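S.K.: Residues per chain are reported as follows:
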Amino acid sequence: MSESDITALWLTLKLATVTSVILLLISTPLAWWLANTRHRVKPLLEAIVSLPLILPPTVLGFYLLIAFTPAGAIGSTWQTLIGSQLAFSFSALVIGSVIYSLPFVVQPIQSAFEQLPSSLLEAAATLGSSPLDRFFSVILPLSQRSFITAFSLGFAHTIGEFGVVLMIGGNIPGETQVLSIALYDHVETLQYGQAHQLAAGLLAFSLILLMFLYSTNRSAKQRPQLRWK
Amino acid sequence: MSESDITALWLTLKLATVTSVILLLISTPLAWWLANTRHRVKPLLEAIVSLPLILPPTVLGFYLLIAFTPAGAIGSTWQTLIGSQLAFSFSALVIGSVIYSLPFVVQPIQSAFEQLPSSLLEAAATLGSSPLDRFFSVILPLSQRSFITAFSLGFAHTIGEFGVVLMIGGNIPGETQVLSIALYDHVETLQYGQAHQLAAGLLAFSLILLMFLYSTNRSAKQRPQLRWK
Amino acid sequence: LLTSYSWGETLNIAVASNFKATLEKIAQGFQQSSEHQLRIASASTGMLYSQITHGAHFDLFFAADQKSPELLEKKGLTLPGSRFSYAEGHIVLLFKSGQLNNTPKLEDIRKMLVAHSGKLAIANPNVAPYGLAAKQFLQQLDLWQDLQSQLVRGSNINQAYQYIASGSLNLAVVATTQIIIRPIKNLQSWPIPPAMHAPIIQQAVQLKNSKSRQAAKAFLNYLNSAAGQQIIRSDGYGIPHKPVRSTTI
Amino acid sequence: MGIRANIHLKLNNNFLLDIDTQLPEGKIIALYGDSGSGKTTLLRCLAGLSQADGDISADGIEWQNSQGFFLASHKRDIGFVFQDGRLFPHLSIEGNLRYAEKRAKRVSPINKQQLIKQLDLGALMNTPVLELSAGQQQRVAIARTLLSAPRWLFMDEPLSNLDYQSKNLILAFLENLQQKTKLNILYISHDMEEVSRIADHILLIEQGRIVDQGALIDISSRLDLKLAHQEGAAAVVEVIKQSYDSDYHITKVSLGENHSLQLSQALPDGAHRLRIPARDVSIAITAPQQSSILNTLPAIIDAIEHSDGARVLLRLKLGDQYILARLTHKSLDQLQLCVGQQVYAQIKSVALLSEPL
Amino acid sequence: MGIRANIHLKLNNNFLLDIDTQLPEGKIIALYGDSGSGKTTLLRCLAGLSQADGDISADGIEWQNSQGFFLASHKRDIGFVFQDGRLFPHLSIEGNLRYAEKRAKRVSPINKQQLIKQLDLGALMNTPVLELSAGQQQRVAIARTLLSAPRWLFMDEPLSNLDYQSKNLILAFLENLQQKTKLNILYISHDMEEVSRIADHILLIEQGRIVDQGALIDISSRLDLKLAHQEGAAAVVEVIKQSYDSDYHITKVSLGENHSLQLSQALPDGAHRLRIPARDVSIAITAPQQSSILNTLPAIIDAIEHSDGARVLLRLKLGDQYILARLTHKSLDQLQLCVGQQVYAQIKSVALLSEPL
Ligand SMILES: Nc1ncnc2c1ncn2[C@@H]1O[C@H](COP(=O)(O)OP(=O)(O)OP(=O)(O)O)[C@@H](O)[C@H]1O
Ligand SMILES: Nc1ncnc2c1ncn2[C@@H]1O[C@H](COP(=O)(O)OP(=O)(O)OP(=O)(O)O)[C@@H](O)[C@H]1O
Ligand SMILES: [Mg+2]
Ligand SMILES: [Mg+2]
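Chains as they are written, first to last, in the working numbering: chain P, 1 to 229; chain G, 1 to 229; chain V, 1 to 249; chain L, 1 to 357; chain C, 1 to 357.
Please keep in mind that the hints were generated in silico from the structure rather than gathered at the bench.
None of these values were measured; they are calculated from a predicted model.
Here a beta-carbon is modelled for each residue, glycine too, at the ideal position from N, C-alpha and C.
Please note: incorrect hints may appear among the correct ones.
Computed, partial: chain G to chain L, Cβ under 10 Å [as the list claims (entries may be wrong)]: (1) E122; (2) T126; (3) D133; (4) L203.
Cut-off 27 Å, straight-line C-alpha distance, at most; resulting in silico cross-link-like pairs (DSS-like, lysine-lysine) [stated by the list, open to error]: (5) K105/C with K182/C; (6) K117/C with K10/L; (7) K182/C with K226/L; (8) K252/C with K241/C; (9) K180/L with K112/L; (10) K117/L with K10/C; (11) K117/L with K182/C.
A few chain V positions that, by computed beta-carbon distances, are all more than 10 Å from chain G [what the hints assert, rightly or not]: (12) E9; (13) A21; (14) E24; (15) R39; (16) T45; (17) Q66; (18) G76; (19) N124; (20) R153; (21) Q159; (22) G167; (23) I180; (24) K185; (25) A198; (26) I201; (27) Q230.
Excised from the complex, chain P in its bound form (with noise of 0.2 Å):
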């Protein structure tokens, strides 16, 4: 691995990292919300987060530049409060990736929150558990699972996606240059070996990475099971 590559790995982990913590502090009252809610808006509400997937990552990326210029919504907002420009910094990585991955991190939760037994919940309240209380010592423990599933998901999608982070945050070394782009550039600038190496190491690595989330969850519950002839 060259050295830029070295750099655009870590980049990328805090790029991944940085965005699935921010994932689940987004998507967790998110969730939760839709999971409890009986308003009509939810539906809709529900296909507003799943969007981002609908359109093609360069032209969600297009679409965020133009709100991220110093003209744009978003870009002015930041400019006037940060002081420094928001597009193709890695502050517009984080939102972009943020905003491209946030279904597949509400999706999970949410059914999760949904198929708690509120019965559990009911105990706790009665034995004097306050609602923040329950949420820490009844519905994370058990939900735990999809909250694994949630953040590897997002994890890995951030670490895949290229043409959102390439649109707005442009490809410059040390700063938004991600695993991806670089391997997106191997190829395209017809380095192929050093992209076939880029490549099995990034699959390595997340192999492990993933493989050692999955096994820190519960194992299948050990649940009697029937047999099925």
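Position chains G, V, L and C with the ligands against the provided structure of chain P, taking the given hints into account.
M.R.: Only chains G, V, L and C with the ligands this time, still in chain P's reference frame:
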């Protein structure tokens, strides 16, 4: 919308539908196995299912293309069985899309299966219900919500995906030129006006479709709601 | 070290992916004799154009076409007079070796194309200048209509190359530079005469908000020097007839 | 031929199910034992829901054997009423019942409309399952299992959440059904009254083992078992109907040759089973007069055992059958009772309820 | 001051909960009613788990009012033992108990080790919840709720899946605890024996309404209520200990001025409550002799009511208290009993068990 855009739209719908249906057919048994196995290999398999996410789509597409050539593993088998070339065909697009979207379909179904109360399956068995019967009469209706989620994610992701499709499809109008490629082309050639139109149409259409899907879904369980303050 | 640091500037260059490899070679030569730092970002021309129009900070933009630099100039985003043609693309026809002799004639090529039953990869003529050239070549041979159903279009010339490099097909129109940088075994190449298509002119501009003007000037000077021109030529590009002078300041 | 089972299953370090038994056919068999003694586990193994090692066969049909053959639950001719209701939440009550009907093992001997009426489900048919009270759920679960028409019916405390009246109705229905169809019922209950009312045969389970089993008539009067020493202890005897007094609704029945009893209940002709709670039997040395106690029978004291601090348990012989009587120590001494002595057993007739035999 | 509740909640077209009541403080209050009568729903509303319209206050503290104020469940000073166990599956038994301890509303008056011993949970502490038998789950759920030390304890059929012996132990523990701490307990049970053993006060619920409520002593002997006509009907009386015969373990107690009874049980000094099942009482015109029945009390027939075909229910006055007796019609006629008549009530002493008052 131009005529070629309309052709692309139909092709896209066909691709997304075929892909999502195949994904459901593949993912259901796979998810069932993953949900019920206690085999040591489980975390590895779960990780492998997520792996397609890690590679940038065009890169994944490039490797798939190599596998799909008449000299490649999949391509040669295909040629022997079907008699025509796999690469640059609609079938190739379907296979590529299936691989790329697999994790988003397997995961929700698997987690629904994992949270299925085995007590109800036991009850069904003692009522004389065979495994297949149980699947359709108990498991499926109880996991309905997750199947809808899985289908929508798979569908949406296939619509928006374009890296893989572009690479292995070769952008042949009427056969492999889907909407996402057309949209990408508009952006690439700086035809922003057309791009905006197409994107808006695509989003509106998808929004309606997704909303329809989500609202056929049972509304939030009529469970007593705890007050939060 | 401090002195050299205060002296040198960092030059941000945006380059269309097909020229990136060549530009990197030039950059290497340049940096050996200069204190300036270079940062090269590559993407498709369309994407780079979008980024520039939305505030990306580049000093120089090497496009794969003529159109985008012109548009930028029209929008007043470039340094007046900085636009120039830095390279002319050439295309070749790649086909399975052994079909024709080493120096086939145009009729042989045409016959082969007529007889070909598989796919033919080109860059998308609607998107890529190299694709447009390929289309013009096929039109010249009056085969464009007949080959419609066999055409596979990459979104850029690199993708057309990937199609044939992957072994999925064995007939393609690619850029000459590609087979020089990365030859493919078992394939024969036939240079398509430049007369059979409109010239593929790749232009560059210096952007108006460029801060590293010293460095830009130095780099363009190097590019237009004999050494720079040599690198471009040896990578399979032509040098356009009348290169506009590097900078006007 | 009944069920023949020789199985063992180690669930954890503290609990091993170890059963070797032959259950009679066409009977209501009660499983009786403390909490955690393995009753549910035993039924689950018989039903094929838990996989024990060993052999099980029912009416000569192999359900599993130690060579690895295992008949899946849905192929066993069984029904299971679970301790928790386990209704399908995606179906209405009607849907739950129809689910069972569609998969019934044979033409059901039960009239569905009558069943719904008996279990008082009429008003609930279109209610979503999640809106039922605990007792309502239990009744639906019973109806559902009955409609699947199994030969072997396993019931795990099916009436634990029901009020006295519903319990009574359902027990009567089950007795009736069992009599008509010779259905095999395995019935778990903690309520000794329920058990001795409904069961023909009883299995006593302790710590995963069957400590004793037999006809309720024999087991119920055995002083060496825990059963007779429990608060609700009752002996069960067989009687034959003699006559009916329609003015008072009193039935006269004979118990052996020389003894007759009066019951506050109409009864069909033939043999019946009576449950006589030990606490309802008192002892007199001479035949008492002018008491509201209608039944005074000569009996011989067969055994006397201490029960707890103040109380003793007597086994009385009436002809060739036995009943139990619980007295205080003080009465025992005051009346100077001893084994072999001839006394009068006074049985409050109101307490007597017969079961079909 | 107890709970004051005036609430209504329409659950569906067939069921409306409509309650307006004042519950006494520091008592064990039984909720008694048929399956589906609304017992669980009432407790849920009081606990804040279901949101009824109206006002609830407990010991003067408002829990909710009709102006929209609503105190969330976790802020009410309550504990709830659910009809289903509701143990946390991600925690061990120990974990479940510690969960409650950590969130206890006050320093618990209960010694945890003793509680574990009483409920026989010692061997189970590290067992995963999913491996418990139904009865074991119920016991853990009770322990968990007790450890959260609430002022108001709601129990929804907490003992329905337990064997007789465990039931007894737990009831004794609860009685004791309630006596010591003046805890308020609302207790749902279908078992009349359980109810009349443990409750001070009783609420009769039918179709979402309280049809009657009052001290168990008053309600239990009222012939106009369904209660007295049920199979397990029993009257409850107050007695004062007089002496103890340590040879026979017999306690003599006085019931009013002129009546005394003998109990087969040791008792502390002071006032106690006795449960006298109607079926254990027989009637004699003259004082009987030489019977194992120790207790023969002069009584006056206060009322006679038909119970069913063959049987009648008598209300007997002993001093200023009442007991019930169930006889056959035949005995009634044979003895020519009528209201106002002086008779002898024979009560089998073995049946008498006292409760702390
Ligand atoms: N899945 C399981 N894994 C391990 N141990 C179990 C499992 N299920 C039950 N046990 C243990 O096996 C023993 C018997 O349980 P079982 O449920 O058969 O008791 P039971 O007689 O039905 O009791 P109850 O009357 O309380 O329902 C208990 O000690 C229990 O803890
Ligand atoms: N969530 C609900 N939605 C609608 N109706 C309900 C709901 N819960 C209970 N009901 C109805 O309210 C009535 C009272 O139910 P509840 O559970 O309070 O009865 P219960 O007295 O506890 O009965 P059981 O002794 O059988 O547990 C029943 O008719 C039941 O069908
Ligand atoms: Mg059990
Ligand atoms: Mg209830």
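S.K.: Next step is simple, just say for each hint if it's right about the structure.
M.R.: These are the hints, each one checked on the structure:
1. E122: Interface hint status for E122/G: holds (5 Å vs cutoff 10 Å).
2. T126: holds, 4 Å
3. D133: D133/G check passes; min Cβ-Cβ to chain L is 7 Å, inside 10 Å.
4. L203: Violated - the Cβ of L203/G stays beyond 10 Å from chain L, reaching only about 34 Å at its closest.
5. K105/C with K182/C: It holds: about 16 Å lies between the C-alpha atoms, which stays within 27 Å.
6. K117/C with K10/L: holds, 25 Å
7. K182/C with K226/L: Violated - the C-alpha atoms of K226/L and K182/C are around 36 Å apart, more than 27 Å.
8. K252/C with K241/C: Status holds; Cα separation ~6 Å.
9. K180/L with K112/L: holds, 16 Å
10. K117/L with K10/C: holds, 25 Å
11. K117/L with K182/C: violated, 45 Å
12. E9: holds, 30 Å
13. A21: holds, 17 Å
14. E24: holds, 20 Å
15. R39: Fine: 21 Å to the nearest Cβ keeps R39/V off the interface.
16. T45: Label violated. Min Cβ-Cβ 8 Å, cutoff 10 Å.
17. Q66: holds, 13 Å
18. G76: Label holds. Min Cβ-Cβ 17 Å, cutoff 10 Å.
19. N124: It is violated; N124/V is separated from chain G by about 6 Å at its closest Cβ, not greater than 10 Å.
20. R153: violated, 4 Å
21. Q159: violated, 7 Å
22. G167: Since the minimum Cβ distance to chain G is about 4 Å, G167/V lies within 10 Å and the statement is violated.
23. I180: At about 21 Å from chain G, I180/V clears the 10 Å cut-off, so the statement holds.
24. K185: holds, 13 Å
25. A198: holds, 17 Å
26. I201: holds, 17 Å
27. Q230: holds, 32 Å
Checked against the numbered hints above, the structure violates hints 4, 7, 11, 16, 19, 20, 21 and 22; every other hint is satisfied.
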